[in-house]
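Number of protein chains: 4
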Amino acid sequence: MTLVRTATSDQLTMLRGIEDEIHSIARMVEQDQYCIDILTRVSAACRALQSVALALLDEHVNTCLLDVARADGVEREAKLKEASDAIARLVRS
Amino acid sequence: MTLVRTATSDQLTMLRGIEDEIHSIARMVEQDQYCIDILTRVSAACRALQSVALALLDEHVNTCLLDVARADGVEREAKLKEASDAIARLVRS
Amino acid sequence: MTLVRTATSDQLTMLRGIEDEIHSIARMVEQDQYCIDILTRVSAACRALQSVALALLDEHVNTCLLDVARADGVEREAKLKEASDAIARLVRS
Amino acid sequence: MTLVRTATSDQLTMLRGIEDEIHSIARMVEQDQYCIDILTRVSAACRALQSVALALLDEHVNTCLLDVARADGVEREAKLKEASDAIARLVRS
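Protein chains in written order, with this note's numbering: chain G, 1 to 93; chain L, 94 to 186; chain W, 187 to 279; chain R, 280 to 372.
The set of hints was computed from the structure by calculation and includes no laboratory data. The reader is advised that the hints may include incorrect statements.
[Stated by the list, open to error] In the DSBU-like style, the derived pairs of lysine-lysine whose C-alpha atoms are separated by at most 30 Å in a straight line are:
1) K265(W) with K79(G)
2) K267(W) with K79(G)
3) K174(L) with K360(R)
4) K174(L) with K358(R)
5) K81(G) with K267(W)
Modelling step: build the complete structure from the supplied sequences, incorporating the hints.
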C-alpha cells in the first residue's frame with residue numbers, strides 16, 4: 001500500500017516537472033531562442049518521459065504479474081500480449 | 094519570414110498539445126487508471142516530443158547552415174560540433 | 187516445444203540477416219559510398235536488432251513468467267528486477 | 280585526407296566488431312542461453328550501431344556541408360531534405 005502510494009506520488013512529481021518543462025520550452029520557442037538550446041531541453045524532456053514510462057512498466061510487472069500468472073490460459077495470454085505490445089511501443093517510440 | 098513564422102507556430106501548437114497531454118496523463122496516474130493505458134499515452138507523448146525535436150533540428154539546419162558555411166574555420170567547427178552533439182543527444186534520448 | 191523451436195529459428199534467421207547486412211555496410215564504408223545511403227542501411231539494421239530484442243523479451247516474459255510467479259519472495263524480486271533492468275537498457279539504447 | 284581515412288578506418292573497425300558480436304549473439308541463441316544475457320548483448324550492439332550512425336552523420340555534415348551551401352537553391356534544398364530525413368529515420372529507429 002505505502003509502496004504503491006510512493007510510486008504514484010513519484011510519478012506525479014515527475015509528470016508535473018515535465019509539464020512545467022514543456023511549458024518553458026514553448027516559451028523559448030515563442031521568444032525565438034536559439035534552436036540548439038531548445039533542442040537540448042526537448043531531448044532531456046524525452047528522457048524524463050521515458051523514465052516515467054519505465055517506472056509505470058516496473059509497477060505493472062510487479063503488481064499485475066501474480067494476477068496474470070494465476071489467470072487462466074486465454075486471459076493470461078491476452079495480458080502477456082498486452083504487456084509485450086506496450087513494451088514494443090515504448091522501445092520504438 | 095512567413096516560413097519561419099509558420100514553423101514556430103506549428104511547433105507551439107505541438108508543444109501545447111503535449112503539455113495538455115502530460116497534464117491528462119498525470120490525472121490518469123492520480124486516478125490510478127490502468128498502467129498499460131497510461132503507458133500507451135506516455136509512449137505517444139514521447140513520439141510527439143521527438144517530432145518537435147526533428148522540426149527544430151530541421152529549422153536549425155535550414156536557417157543556420159548558410160551562416161555556418163560562411164563563418165571562419167574556428168567558429169564553423171564549433172557550430173558543427175554543437176549541431177552534431179545535439180543530434181547525438183536526441184538519437185540517444 | 188515446437189513453439190520455442192520456431193521462436194529460436196526465427197531469431198536465428200533474423201540475426202543472420204543482420205550479420206550479413208552489417209558485412210555489406212562495412213563494404214559500403216570501405217568503397218567510400220554515399221554517407222546517406224550507408225546511414226539508411228545502418229538505421230534499418232538498428233531497427234532489425236530492436237525486433238530481435240523484442241522477440242527475445244517476449245519469449246522471456248512468456249516462458250519465465252510462471253516460474254517467477256511460483257518462486258519465493260527474494261528470488262522473485264531478483265528476477266523481476268533483472269527483467270526491468272533489461273527493458274530499461276533496451277528502451278534507452 | 281588523413282582525417283577522412285582515419286574516420287573510415289574507425290567506422291570499419293566498429294562495424295567489424297559489431298558483425299562479430301552479432302555472430303556471437305546468434306550462437307548464444309542457438310545454444311539456448313539465458314534470454315536476459317542475450318538481450319543485454321543485443322542492447323549493446325544496438326548502441327554500437329547508433330555510434331557508427333552518429334559518426335557517419337558527423338562526417339556527412341562536416342564534408343558535405345560546404346558543397347551544399349555552395350549549391351544552387353533546388354539542389355541545396357534537396358540535399359538538406361535528404362539529411363533531415365536521414366536524421367529522422369535514425370532518431371526514430
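Tested hints:
no.	hint	result
1	K265(W) with K79(G)	holds (19 Å)
2	K267(W) with K79(G)	holds (20 Å)
3	K174(L) with K360(R)	holds (20 Å)
4	K174(L) with K358(R)	holds (20 Å)
5	K81(G) with K267(W)	holds (20 Å)
Checked against the numbered hints given earlier, this structure breaks none of them.
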